[in-house]
Structures are given as structure tokens and as C-alpha cells.
Amino acid sequence: MSTPPTLARRLNEWGLLLGVIGAVIGFIIGFAVGTHAIPYSFDEDNSLGSDPGILLGYALSVVGFLAGMGFLNYPIGRLLGAKRPTEEDNAYMHGEGGGLTRYFRMTTDHKVIGLQYLVMILAFLFIGGLGAMFIRTELLTPSPTVANAQSYLTLVGLHSTLMIFMASAAIIGPFGNYFVPIMIGARNMAFPRLEALTFWLLPPAGLILLSTVFLGGFTTGWTGYAPLADQNVLGMDSYLIAFALIGMSIGLSGVNMIATIMTKRAPGLPLSRMPIFVWSVLVTSFLGALAAPALIAAVLMEVFDRSYQTTFFVPAGGGSPYLWENLFWFFGHPEVYIFVVPAFGLVMEMLPVFTRRPLWGYRVAVGGMVGIGLLSFVVWQHHLFVSGLAPSLRPFYMFSTELISVPTGIIYLVALGTLWRARTRFTVPMLFIFGFFFNFLIGGFTGVFLSDVPSDFTLHASYFVQAHFHYTIMGGEVFALMAAIVYYLPKMTGRTMDTKLLRFQFWAVFITFNGTFISLISVGILGMPRRVISYAAYLQPLNISATVFAYGLGLSMALFLGILLWEVVIKQKVAARNPWESLGVEWQVPTPVPLFNFDQVPVAWSLPYDYDTGKPAADFGPAVPAFSGA
Amino acid sequence: MRSRIWLLVGGVVVFGVLVGFFVTRFLNPVPPQIAATTTSNTLQGRHVVDFNLTTVAAVGTAGQGNGEHPNWVGYLPTTYLKVPAGAVVHMTIDQEDGQTGLRNEYFGLVRGTVNDQMTVDGKVMGALDPSLAAHTFTIPDLGVSVPLEGVAGNAPANAMIVVEFNFVVPDKPGLFRWQCFVPCAAGTLYGNGGPMQTLGYMAGELQVG
Amino acid sequence: MSDVSPTGLTVVDEVEGGGRTLIFTSRLFMAANTTLQLSLLFAFLYLRANNFGGMWHPSGIGTPPQVLAIISLVFPLITLVALWAVWNAVGRGRESNAVSGLLWLALVAAVLTGAVRILLMYQFNWELDSAGTYAAISTLWYAVLLGEFILVGLWLLSLVMGHVRGTDRLSASHARAILDQWAYITGVSIVVYLLIQYIK
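Residue numbers (the working numbering), protein chains in the order written: chain E, 318 to 947; chain R, -9 to 199; chain U, 4 to 203.
Be aware that a few hints might be false.
Cβ-to-Cβ under 8 Å is the rule here; a few derived chain E residues that face chain R [said to hold, decoys possible]:
id : residue
1  : P461
2  : N465
3  : A466
4  : Q467
5  : V530
6  : G533
7  : T536
8  : P544
9  : Q548
10 : N549
11 : V550
12 : V886
13 : I887
Label-pair ranges, simulated between beta-carbon atoms [claimed, not checked]:
id : chain 1 : residue 1 : chain 2 : residue 2 : range
14 : E       : E405      : U       : G104      : 28 to 38 Å
15 : R       : G0        : E       : L457      : 31 to 41 Å
16 : E       : Y542      : U       : A34       : 24 to 34 Å
A few chain E residues that don't get close to chain R, going by computed Cβ distances all over 10 Å [to be verified]:
id : residue
17 : G684
18 : L710
19 : L859
20 : V865
21 : P896
22 : A940
If you are wondering where the hints come from, they were derived from the structure by calculation, not from laboratory data.
Just so it is clear, the structure is predicted and the values come from calculations on it, not from any experiment.
By construction, the Cβ of each residue, glycine as well, lies at the ideal position given by its N, Cα and C atoms.
Modelling step: build the complete structure from the supplied sequences, incorporating the hints.
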């Protein structure tokens, strides 16, 4: 293509820089307007500014960032009735001939966005992990040493919220975006610009959250309970805006994924033959699209409380903190299945490859995931058993929560059925899958105790709860994430990180993880509450054990990152085309994947698990002309 | 390959510097600590040490504390105190803040001080009318709680009430959190925001040893 | 070039979202929006039942001005009828002048909708920090609806501009998608109006 680049394209190349400039301008305007235009009486003397100023400043800085990135070019063009972008424009936006720079600008290629997500997720994981190291260091002694009570609580809030951001996109973000269109034979997502938007909302969200430190922090943890959230200093505003952005990202990503899966499947690919991972993404996307708006409603109310001084969550003004708790957990509980359902999908996607046999009970597994999705909307009050809310409702929520272990158990059995009498290949991803199942089992069992009202009364808000969800999210989802990174890296980057050292890394991370959290289960049963900087002296030995293991865990996670960087960025060892001998269609297309995924029409689809006969997922029909711009 | 390694190392260094900046910013907000003034007096066979604190209202005290102190109600000069182990602390608090009243009248009792008593403007007292209190000086782990009488609304400018009391600190070193038990943060929700939850204003630490 | 693609859609469809995708997604957004509206409804009923200290509806707090509130529902209905006519006409392949006229009508009514609703919110005259939770949730809800009217209104504007300037002729699926969306929001705002006016 020899046409000179247009102005819009030149600006797009500098999108990141323009975005930062836009963010600064947006913040200044928002801060000025918010400070002076909204009548406000709380905290008048605070030298850092007022809540309306900070809130509006953050909101407009995000708008400015997106405008600078070029997200407004297309909508403004439509509003002015300009010509639609040509195919050439679209191919450019898709990153045609972009090289490395396309990873630093707004592109509409789902493969680029998948890799952007991967880097972002790992960065969040790393920063959140550093926070965990600080927390464990502080808890070496029963009294405050490294931090004071307030900065400790902010630290806990930052670690948890950042990890929640990470976990809600850890599987869907990189692997959902990269592989779902390929797995269903689509050339692109249904709404590629929307997809880019869901990614580019994350970096501002992360930075805004971290900036809370400069505004005094927030002491509520990731749940942001009222009325503490109403009383908190300006740092709370960072949490609110950041969480709203994440909620929007989850919701929009959900809508886009559902639309893609439901309307853009290749001819000849019915729902009943979709890879199991696509099913898990579909279920998760419904959870995201239908649950996230409840969070946004709650955040809007809190924003009103903090800026217009309404009293949604303030009893003296007629409100109720329970309102926040209900709305938050109506989002919050489906959210935890947003973490774990795609992890299950990925694990079941990889299992047949390493056991060399079809996925046992495919339809049952799909049913299980749909069951989890449906039930997850009617369990949220189990977070509020001890809050004093309507005791007569407790049996129902106890029952529905315990019921959800049935579809989860079904998925578990499907995996075990696949493993039964299989000649399993113990590759590195398979090791992580075994780790996943081991950890998730403990996570699941501890969950049953928490769903039970009487035992929840003693265990609520203790380290038992903390260890429970770390077993499911870190032991479950993050182990699946590591398995998937090793498994899919050859496809996504053309490089491999499968080395002997990685086997050592697996055992290191597995042992230290369990050492850390078995210690924490124990201190939880002994009565140590969450989110406290000081604890009873008799709990110190177990806390030291947890901290020592946690350091090992941190080092072994850093080792994973180190191996990844070393093998991919420095050694650049070229991977085999299909190193795991998978039958999935994603391994049938060439590496690197063509710009629009398919040079030939994929036809005659079957389930990609037919290892008895070795038949690949799709046959390829006639060639499709690539985008030529002609 | 060498250039790639340097690139990676450079990236790691830049990232590390950023994280270091962030962390130092983060771990720093502990306000300055003052040590007790030692005296030659003894009480009950222990050394007596002196503290002199001032409580100030939110309004009209801008600039106190060298600008480190936003215009909030607070204990000056700081709430981070250090005393030798096993000493008797003789605390003098110049109370310049107005009356807020106690939400829990029980806190009107003087507890945990020597003889469960305090001296208000020279008068020995064992309890305070709950409606007159402005703040309390409370160290839960030592059982110390002293209500501080507020300046009346019609008092002349710069009036203050001097409260004195003695309490014994443990013989072993330790860190004890103390705070005001009157939700006195005017202008925030239930009086519990801002200065009540930001260390250095209405809460602090007593380091023993 | 040939527009054949593996999915059987044209290249432009691939990037822009084809007709079926558009209608489907418009309904997905309605589903997500339903959660938002139900959350607000939950808050409304919860706060009403809660009524700590009689602060749901303290004395002296009225309802939104009736006349303006009703006018703010008439204009979206005009837009709705116009959009329905557009969809009908486009679906039957009518010539484009009538469609343009109807689109302009829909757009003007949509702009007036936004203007009236902004005016309405200025007329609430509630001191939010002391007006109780009825005023708070009503204001928030009207603000959310205003935001949604503005977003869909901008979408409508883009369709009108593309159609009028001839750069992007309105397709039946576009007409249907925006008709669905506008009908949904109009329906919700009627329900919200009744709720706020009569369940106070």
C-alpha cells in the first residue's frame, strides 16, 4: 500500500501520548468545574480538593484519554455524516503492517487486543503481588511495624481491588479475545472498536486506583461498604471511579462476546459443536453483561452521596448501608463466577489434548456451566448472613449456595471422567491443571462451610474466608492462567516458554501456595479476623509460616514472569507449529494468524476432541481473498 | 540478543524506580513522633514523665503544624507519643475545643488513671458531665479513658481548660493505639470522617520503651 | 473484490456488525439496561420501605412538576411513532424523501425530549443533602434516563446525518435496532414517571 498516511492515522500512531495529554487536560477541566460548580459542604478545609472536583476530574480524564487515543474519531465521523471508513482504513485499524507499534495504539484486531490484555493482566498481577508481599511482611509481627493502620488498610484495599480487576479479565481478556473468534470461525469480533474500548478502560482504571495513595487512601477494602465509604477521605473517589470503569469494561465485553458468539459463528458450526471454552466464555459474558450494571447503579449512588451529599447509604438521612451491600453483592457474587467459569472452560479445553481422548460428558459440562450461571444470581445474600438482614431469608440462600456446588461438582466429574484410564501426558500445562484441580477442591470444600449459616457465624470475616477465596481465585483461576499461558504462548507469539525450569517452577509455586494458605486457613479457624494490622500474639507462629511461604510464592511467581520474559523477549526460541498436537481449529490456522484469521473458508465443523480418530475440528474450503483494498 | 537484554534490564530498572517511589510515598504517612519530657519526680516509686498536648477546633486554626496539618480538629503537636517503659505519664492537655457531648455517657467516667482521677483547671474530678465533653483521651489496651471538658460557647476568645492526669504504662515495651472516643469531626458523616480516621488528628500511637 | 468470507457476511458487515448482529446487540444492551433499571427500582422500593427517621419523604418535599413531566413523555412518544414509521417505510423499500422527513421529525422530537428533561430536572428544586431519599433516588433515576436518552439520541443523529448526506443509507436493521432501543427507554421512562409521581 503506497497511499500516504492520513492525518487521523498519524495521530493514531501517537495515540498513547495524545491520550495522556487528553487525560491531563480532562482532569484539569473536570477538577475546576467540579470544585467550583457543585455546592459542597463536607471536608471544606481539605487542602487536596473536594470530592466533586476529584470525581469529575477523574471522569473527564478518562474521557480525555479515550479521545486522545482516537476512540471518538469514528463516532464523531458518524455524527457528522462522514463517509464510512474504507476497507483500507479498516485494515489499517486492524493493525495491518503495524509491527510492534500496533500494540501501543488503538487497534481493532482481537489478536492484538488479546496480547495487550495479557501484558496488562500480568502487570496487575505483579503490582498486586507486591502488595501481598507488603501485607505479609507487616503481619510478621502482631503489632504495626512497616506501615500504620491506615496505610495498611489502604494496602489491603489496593491489593484486593487490583487483583479483582486482574481476575475478572485474566482468562476472558487474553484468551477469550484472542481465541473465541478463531474458535468459531469468525474473521473478527462483532464490535471491534467496542472490544478495543473494553481493553483501554483498564489502564486508566488501574492508574486511578493506584493514585488513591496521593489522596489519603481508602480503608474499606475491595467491598467499599457504606457508611465507611461515605466517611472516607478523598482516596475513596479513586476506588469508585476505577471500579465503575471496570464494571463498564466487564459489561461491554460481555455484550460484545455474546453478540460475537451468537451471530458470527461460521456456517456449519451449531452451538452444540462449539469448543467448551467458547461455552464458558458465553456463560461468563451473560454474567458480566447482566451483573455489572448493578455495580454501576451502586457506584452512582455512592458518587451522589459523596458529591451531592444525598443520603442513599446514610441512615440519618433515611438511607441504609444494606442497600449498598445488596447491590454490591448482587454484582459481586456473579463476579466470582466470572473469574472461575472461563478457567474451567480453558482447563476442559486443554484436558483432552493431554489425555488424548474426547472430553467426557461435553453436554453435561455445558449444562453445569449454565447451571452455575443461573444459580449465581440467587446466592448473593450469603455474604450478608451475619449482617443482621432478614434471618428468615437465610435458609433459602444457604440452600441455593449449597445447590451451586452441584453444577460445580458436575464439571469436576467431567474432568475426572476425561482423566479416567487416560494415557495422560504430564506436560507443564497438565501439571498446572492438576494443581488447579487440587487447589479448587480445597477452595470448594471450604466454601461449603461458609455457605452453611451456623458455621459461617464463626468463620465470617476471618482468615478462613480469605484463604477460601484465595484457593479458588489464585489456586484455581491463576493456576489455569499459568497453564493457558504456557499452552497458548506458541500460538500467540510463535515462541515457547516450555522449559525444564518451568517444571521446577510449578512445584515451587504449588508447594508454597498451599503452605501459605493452609497456614491462613488455620489462623482463620483460630479466630484471626481479616483486614487488621495487629493480632493476638499466639497467632504469630502461624503467621510467620504463612509469610515465609508467601515469600517463596512471590519468588516462584516472579520466576514464572522471568522465564516468560527470558524465553519470549530475549531468547526468542521459535515454537513448533502445533506443539501439543491439538485438534482445535486455533492450531489449524497458520502462526502468526493471518490478519483476518482465515485465508480459507473453514467448513464441516466437529467438536475438536475427536482424539480417537484424530479428525481436526474443521476442514478448510476454498481460499478467501485477503483484504486488498481494491 | 545483548541489546534485548539491556532493554529488559532497563525496563525493569525504570519499573523498579517507579515502584520504589510509590512505596516510599505509601509507607511514609506516619506523623512525627515526640518523646516525653523526663522529670526528676517520682510517683508510686516510678519515674514521672511529662506530655503537653493541645486540642484545637477545626475552625480558625489554619496553618498550625507547619502546613502539614489540614484545617481539621486535632491534637497538637502530634498524636505519636513515646514514653519509657514502666513510667508514670503526667499528661497535661490544653483543651481549646468547644463542647460536643458524649454519645455514650459511660465515657464521662475517668478510668485507668492514678486513683481514677483527673484535675480540671486545678479541681480534682472523677467524672465529667457528659454534655460538657469535647474529646476523650482513650487508650483501650491500657484501660485509660479521660473525658476532656470543652470550652463553653460563650467563653471569651482563646479561653482554654487545662486537664491533667497521671497513668502508668507497662513495664514491657509495646505499641498502644489511642484515640478520641467522641465522633468530633465536624462536617463529616456522623462526625466519624476525616480527622477521626486519619492518623495524626484524633488517633495515634503510644510507643512504650 | 469478492466479498465472500468464511462467515458468509460481507466485509463491511464483518467490521461494522451485520444487520442481525445489530438488532441482537441492541436487545442485549436492553437486557443489561434492565439490570440497571431493576437496581434503581430495588433502591427505590428499599429506601421507601426503610424510611429511617421519616426521611423517605420529609414534609415540604413535593413531586416533580406534573406538566413538564408529562411533556417530557410526549416528545419521546412522537419520536417513537416517527421511528416506527421509518422502520416500516425502509422495510418496504419506500423512496427516501419520506424517510428523511420522518427521520428529521424523530430527531427534532428527540432533541426536545432532552431539552425538556433537562429543564424538568432544574425544576425539581430539592436541596439534595436534606431532601430525603425520595428526592435522591428520583434525581438519580431521572439523570440516568436523561443520559440514556442523550446516548440513543446521538445514535439517532448519526443515522440521520448519514442518511441525509447520502453517505450511509439507513438500513431496515438499523431502523429496527434504534426503534427497539428508543421504545425500551420510552417505556421505562413512563413507568418511572408513574412510580415517582404516585408511589411517593
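Hint by hint, here is what the structure shows:
no.: 1; hint: P461; verdict: 6 Å, holds
no.: 2; hint: N465; verdict: 5 Å, holds
no.: 3; hint: A466; verdict: 7 Å, holds
no.: 4; hint: Q467; verdict: 5 Å, holds
no.: 5; hint: V530; verdict: 5 Å, holds
no.: 6; hint: G533; verdict: 7 Å, holds
no.: 7; hint: T536; verdict: 7 Å, holds
no.: 8; hint: P544; verdict: 6 Å, holds
no.: 9; hint: Q548; verdict: 4 Å, holds
no.: 10; hint: N549; verdict: 7 Å, holds
no.: 11; hint: V550; verdict: 6 Å, holds
no.: 12; hint: V886; verdict: 6 Å, holds
no.: 13; hint: I887; verdict: 5 Å, holds
no.: 14; hint: E405(E) x G104(U): 28 to 38 Å; verdict: 35 Å, holds
no.: 15; hint: G0(R) x L457(E): 31 to 41 Å; verdict: 33 Å, holds
no.: 16; hint: Y542(E) x A34(U): 24 to 34 Å; verdict: 28 Å, holds
no.: 17; hint: G684; verdict: 45 Å, holds
no.: 18; hint: L710; verdict: 28 Å, holds
no.: 19; hint: L859; verdict: 21 Å, holds
no.: 20; hint: V865; verdict: 21 Å, holds
no.: 21; hint: P896; verdict: 23 Å, holds
no.: 22; hint: A940; verdict: 37 Å, holds
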